[in-house]
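Given the sequences, and given the hints that come with them, work out the whole structure.
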Amino acid sequence: GEDVEQSLFLSVREGDSSVINCTYTDSSSTYLYWYKQEPGAGLQLLTYIFSNMDMKQDQRLTVLLNKKDKHLSLRIADTQTGDSAIYFCAEFSNTGKLIFGQGTTLQVKP
Amino acid sequence: KAGVTQTPRYLIKTRGQQVTLSCSPISGHRSVSWYQQTPGQGLQFLFEYFSETQRNKGNFPGRFSGRQFSNSRSEMNVSTLELGDSALYLCASSRQYREEETQYFGPGTRLLVL
Numbered sequence: 014g015e016d017v018e019q020s021l022f023l024s025v026r027e028g029d030s031s032v033i034n035c036t037y038t039d040s041s042s043t044y045l046y047w048y049k050q051e052p053g054a055g056l057q058l059l060t061y062i063f064s065n066m067d068m069k070q071d072q073r074l075t076v077l078l079n080k081k082d083k084h085l086s087l088r089i090a091d092t093q094t095g096d097s098a099i100y101f102c103a104e105f106s107n108t109g110k111l112i113f114g115q116g117t118t119l120q121v122k123p
Numbered sequence: 161k162a163g164v165t166q167t168p169r170y171l172i173k174t175r176g177q178q179v180t181l182s183c184s185p186i187s188g189h190r191s192v193s194w195y196q197q198t199p200g201q202g203l204q205f206l207f208e209y210f211s212e213t214q215r216n217k218g219n220f221p222g223r224f225s226g227r228q229f230s231n232s233r234s235e236m237n238v239s240t241l242e243l244g245d246s247a248l249y250l251c252a253s254s255r256q257y258r259e260e261e262t263q264y265f266g267p268g269t270r271l272l273v274l
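For the record, the sequence lines run as chains F and L.
According to the working numbering, the first sequence holds residues 14 to 123 in order.
According to the working numbering, the second sequence holds residues 161 to 274 in order.
Just so you know, these hints were derived from the structure itself, not from any lab.
It cannot be assumed that every hint is accurate.
What the hints assert, rightly or not - Beta-carbon label-pair distances, calculated as ranges:
id	chain 1	residue 1	chain 2	residue 2	range
1	L	199	F	64	26 to 34 angstroms
2	F	27	L	227	45 to 53 angstroms
3	F	27	L	199	21 to 29 angstroms
4	F	41	L	172	35 to 43 angstroms
5	L	172	F	30	39 to 47 angstroms
6	F	68	L	174	26 to 34 angstroms
7	L	221	F	27	40 to 48 angstroms
8	L	182	F	43	15 to 23 angstroms
9	L	162	F	20	29 to 37 angstroms
These numbers were taken from a predicted model, which means no experiment stands behind them.
C-beta atoms are modelled at their ideal positions from N, C-alpha and C, and glycine is treated no differently.
Right, dumping it as structure tokens:
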């Protein structure tokens, strides 16, 4: 099946860590992605993880992958107000389409 | 390198009309894919074009169509507009529509159907 699910909303205080979670169904995906959408803008690829990795770190971003549970998470350390946006996890399905989760709105309070 | 551009950025139409949206990919990119984003359904894949051929299509009615020109620019058309077609329409370009290729998204065209 083609299904990617995320929680819809997360609110954190500036300086805290944010963790956005995602579950996916297509275990054949080689790459799993995190995209960011700021108000009035298109999607920007934030980071991705190769399916044979458990973890990938990129500056303030840490991606964790649990292939057994088909669970992906994005951790943003020292969250800033500029991180307020909608975050989408995505994968290429076995039908060759890029499938997105519903998006998690991250609200960062000063 | 210029990014993906979409025109127009905003559009207001009435039910029953038709609309054409345009997407210019990054230079050298031959794949253009289209997505519809709504608050209720999220981001849904519409179709993907490569070298003027539609290679993949999502679950949308035949009122949604597209094409790609020899310079890789793409257009999508929606005929007989319905209120539910109000959405942000995003296009993305890449060298190939594959997992290992980064998809670069344009800013979108926001369509409001009255």
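Status of the hints after comparison with the structure:
no.	hint	verdict
1	L/199 / F/64: 26 to 34 angstroms	holds (31 angstroms)
2	F/27 / L/227: 45 to 53 angstroms	holds (47 angstroms)
3	F/27 / L/199: 21 to 29 angstroms	holds (27 angstroms)
4	F/41 / L/172: 35 to 43 angstroms	holds (42 angstroms)
5	L/172 / F/30: 39 to 47 angstroms	holds (42 angstroms)
6	F/68 / L/174: 26 to 34 angstroms	violated (51 angstroms)
7	L/221 / F/27: 40 to 48 angstroms	holds (45 angstroms)
8	L/182 / F/43: 15 to 23 angstroms	violated (32 angstroms)
9	L/162 / F/20: 29 to 37 angstroms	holds (36 angstroms)
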